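Please put together the full structure from these sequences, using the hints given.
Here are the chains, one letter per residue:
There are 2 protein chains.
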Amino acid sequence: MEELQNNYPHVLTFNEIKKAAETIEDGIIHTPLCEAKMTKFMDYNVYLKCENLQYTGSCAERGIRNALIGYGNDIAGHGVIVPSHGNMALAAAYHGVSLGIPVTVVLPENTPPSHAQRCSELGADVVLVGDTLQDSTFYAKKVLRDSHQLLITSDDPYVMAGLGTVGVEIITQLPETDAVIVPVASGALLAGVLIACKKLKCSCLVYGAECSKAPKMMKALQSGGPVNVATFPSLADGLSAAVAGPNAFATIKGRLDRMLVVDEMYISRALISMLECERLVADGAGVCAIAAVMQGLVPELRGKRAVCVVSGGNIDSGRLARTIQRGLGANGRLMRFAVALPDNRSGLEQLAKIIAEESTVLKSLVTEQMWVHSDVATTWANVVVETVNDENAVKFKDRLRDIFPSARFAITDIDEKHKVGVR
Amino acid sequence: MEELQNNYPHVLTFNEIKKAAETIEDGIIHTPLCEAKMTKFMDYNVYLKCENLQYTGSCAERGIRNALIGYGNDIAGHGVIVPSHGNMALAAAYHGVSLGIPVTVVLPENTPPSHAQRCSELGADVVLVGDTLQDSTFYAKKVLRDSHQLLITSDDPYVMAGLGTVGVEIITQLPETDAVIVPVASGALLAGVLIACKKLKCSCLVYGAECSKAPKMMKALQSGGPVNVATFPSLADGLSAAVAGPNAFATIKGRLDRMLVVDEMYISRALISMLECERLVADGAGVCAIAAVMQGLVPELRGKRAVCVVSGGNIDSGRLARTIQRGLGANGRLMRFAVALPDNRSGLEQLAKIIAEESTVLKSLVTEQMWVHSDVATTWANVVVETVNDENAVKFKDRLRDIFPSARFAITDIDEKHKVGVR
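Going down the list, the protein sequences come from chains A and B.
Using full-length UniProt numbering, the first residue of the first sequence is number 1, and each one after it goes up by one.
Using full-length UniProt numbering, the first residue of the second sequence is number 1, and each one after it goes up by one.
The hints are simulated quantities; they were obtained by calculation from the structure and are not laboratory data.
Predicted model only: the values in this text are computed from it and were never measured.
C-beta atoms are modelled at their ideal positions from N, C-alpha and C, and glycine is treated no differently.
It is possible that part of the hints are untrue.
With the C-beta cut set under 10 Å, the calculated list includes, among others, these residues of chain A facing chain B [stated by the list, open to error]:
{"hint": "1", "residue": "LEU53"}
{"hint": "2", "residue": "ALA116"}
{"hint": "3", "residue": "LEU320"}
{"hint": "4", "residue": "ALA321"}
Some chain B residues near chain A, calculated using beta-carbon distances under 10 Å [stated by the list, open to error]:
{"hint": "5", "residue": "LEU53"}
{"hint": "6", "residue": "PRO113"}
{"hint": "7", "residue": "ARG118"}
{"hint": "8", "residue": "ARG279"}
{"hint": "9", "residue": "GLY313"}
{"hint": "10", "residue": "LEU334"}
{"hint": "11", "residue": "THR360"}
{"hint": "12", "residue": "LEU362"}
Below, the structure written as C-alpha cells:
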C-alpha cells in the first residue's frame, strides 16, 4: 500500500478493481441483475443490480472484504475501526468475523436500534456516539491513536476498488448496458463503478445520483473540490455524508457523464415502487438511482438500457412501515383532511356517504370539540381515508368540498404539478 | 381434455406437468432458488423458491397460462372468468392480455383497492362481489351461463399441472433437496409440487402448510374428503379457501408426507423476517411454509435442505405497513402499556428516565384524564415504545413495574412461552 499512501488523493485504476474482484471472489454474492418490472409502465428499459441481496444487505461488503484482506498483517493484531451509518458497519462485522479480524464499529446515536443490535450479534464491538457520521469518524480517529486499530472509511482505496467490482459484474451480466446510475454517499461506489464500466465499455454512460438533502458531490464538482454542505434529515440517510471523499472525487472528476440531484419525494415513491412492483426491499439510499429515473432527470435514456444500482436494503422495519404510510400519503393514496360537521346526525352521515360512494376506505376518524374556534354547534373531525389512485383522490376531494366548503386537506404531491417520467 | 372431464375427481399425473412445463416455458420467469440468509440463525438449511418474483408476483401465473393455452379454442371467443383472492386474478389479467384472451376477474369486495386497480390496468374486466371467495365463485358460475365464458378455478387440472412446474424447477435447481414445504390454499400448488417432486426424486419429503385460521386440508385428510371449515380473517388471506379442491385432494391423499398447521403469529413473524433478512416482499400466504419452520413444526428437518415455496408477494402496501407494525408489537419490539402517573412533575420524569436509560425509543404518549376510574390526582398515560430485542423488552417491563406497580401491558408473544426454531 506504500505507493497509495504517498499518492494523495488517490485516483483509482482498473487494475486495482481487477485485483479486488479476484480477492473477494469467494466471499461475496454475485447478485442478480434483473429487468425492472416497473419498466412496463415507463419509457425506459430499467435494470436493477440488486446489491440489497448481499448477505448483510449492501454492496459495502465488497469494499470492506477487499480492505480487510488487502491490509492483511497490518490489522491482524489490533483489528479495524469503522465509522458508518450502517451498511459499512454491518459488512465489517460480518466479514471481520469470517476472516478472524476484530472489528469495532462506530455508529451515530440515532442509528435504528435494530442495526446496532445486528452488528453486535454478528460479533462486532459497537460504539454509539455523536449525531452524524462526521462525529463518529472524529471519535474513531481519536480512539485509534491508543488502540492501534486501523481506520477504514469508504474513501479507502481498497474499499473503492472492491466497490468497483459492481461495475465489472454489470458489464459482464448485461454487455448491452447503455448507462449505469449509481447512488452517491461519499462517492466511493460511483468512483469504482465509473472506472470499471468506462474501461470495459467505453460508450457506457455513467451517472451519479444523490439526494437534494445532502448534495455534496454536485457541490464538489461545481467548486472543483470536496466542500462541506449543509445536510438535512432524509429517508436516504445512507447518503447523508456532508462532504465527498477526496479520493473518490479525484477519481470521478472529469470522467463522470452527469451528476443527478434527486428530490426526497421521489425517493419515497421509488421505495414504494420497489416494494410493490419488484417485491424487493431497498433502503432510501439504495433507490436513489431509480428515483432519478422516476423524477425524469435522464430523458436522454428513454428507450435505452439503464442499469440502476440498488446499493442496499438495510432499512429498519419500523422506518419502512412509516415510509410506506408517508409514501401513500405523498401519492394521495392516503388522504388526510379536517372537516367541520354540524352537531346533528346528518353531518356525519353525509361524510360517510361520500366515503362509501367514492369507494374510499376509512382509516381513522378523530373528533375534536374542545379546542375549536368555530361555533359551538360544530364538531371538527380529523379524517384519514385510503383512495384507489390519483384520479379517485381528486374526485373525492372535489365532492367533499362541494358539501363541506370548509374542509381542509393536508398537502400531497398530487397538488403539486411535478412531472413524473411515468406514463 | 375429454379424458380429464370424464374422470372426476382428477388425479394429476407427472405427464401433465411435463407437458405444462413445455407449454409455459416462454411465458413465465424461472424464479431463483436461493439459500435463505436467516439460515445462519437457525438449525435448518432453508432455501427459498421465490415465486413472488414472477411478473405479477405469484406462481398462479404458471397455472393460469397453462390453462389459457390448454383450453385454446374453447375460450377464444368468450374468454374466461376467474374468481380469485388476488393472485389468480392478477395472473389471468396479465396472461390473458398477452395471449389475446378476454378475462373477467371476480374479487371479493374486501380485496385491497390496489389489487383491483392493478387487474384493471392490466386489461381485465373487474367485478367486486361478496365477502368471500365462495361468494365470488358462486357469482361467476351464475354469470357464465349467459356469458358463455369458461370458469377457471385453482382446482382446474390445467392449473394444477402448471403449478407443478414449480416442483420440477426445484429439483432441477437443487437436486440435493431433502424436503419441500408448500403453502396450501385449495391445495392445487401442493398437488402439483407433490407429484413433480416425488417423481423426480422419490426420497424427497413433501409437506403442506396452511394457516390455523382456515385448516381445510388438515380437516379433509382427517375426514377422508373435502369438507367446509369455518374460516377467520388472517394475514394469509390467500389461503382462506373454506374447502380443499376435490382434484387437489384426490391427488394429495395417501401421497403427502405431512400437513402442517401454522399459527397466525408465526405468519407475521415470517413476513418480517423475509423483509429484514432476505429483503424480499412476500404475502401472508407466501410465507406460510417459512412460518411452519419458524414455529418448530418440522424438527425432523434439522440439518437438512428444506425448500420453502414462497408462493406470492402480492401484499397491499397499506396492509404491509400495518403488518410490520403489528409484527413488531407481537415480537415485543413495539411495546404498549398504560401507566398511572401522579399529577406532579416527577411522575412523567420517572417514566422518561426509564425509557432513556433502557435505550428504548418513545413512539407515542397519549394522556387521559377524563375517563379514568382511579383517583383525581392521577393521569393515565398510554405509551408505545420501541425496544431493541426480547431481552431489552423484558428488562424494561420489570423496571417499569418496580416503579409503577399498576402498569398494564398489552399482551405480546414474549409473554407466551412459545418455542421457536430459532437459536
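Verification of the hints:
A cut of 10 Å between beta carbons decides the hint on A/LEU53: the least distance to chain B is about 6 Å, and the hint holds. Using the Cβ-Cβ criterion of 10 Å, the hint placing A/ALA116 at the interface with chain B is satisfied: the shortest such distance is roughly 8 Å. Interface hint at A/LEU320: satisfied, since its Cβ lies 6 Å from the closest Cβ of chain B, which is below the 10 Å cut-off. For A/ALA321, the suggested interface contact is upheld, since its CB lies about 4 Å from the closest CB of chain B, less than 10 Å.
With a cut of 10 Å, the hint placing B/LEU53 at the interface with chain A holds, because the nearest CB-to-CB distance is about 6 Å. At a threshold of 10 Å, the smallest CB-CB gap from B/PRO113 to chain A is about 4 Å, leaving the interface hint in force. Using the Cβ-Cβ criterion of 10 Å, the hint placing B/ARG118 at the interface with chain A is satisfied: the shortest such distance is roughly 9 Å. Because the closest C-beta pair between B/ARG279 and chain A is about 4 Å apart, less than 10 Å, the hint holds.
Checking B/GLY313 against chain A by beta carbon gives a least distance of about 4 Å; that is within 10 Å, so the hint holds. For B/LEU334, the shortest C-beta to C-beta distance to chain A is roughly 7 Å, which falls under 10 Å, so the interface hint holds. The criterion of a C-beta within 10 Å of any C-beta in chain A is met by B/THR360, whose closest approach is roughly 8 Å, and the hint holds. The beta carbon of B/LEU362 comes no nearer than 12 Å to any beta carbon in chain A, farther than 10 Å, and the hint placing it at the interface is violated.
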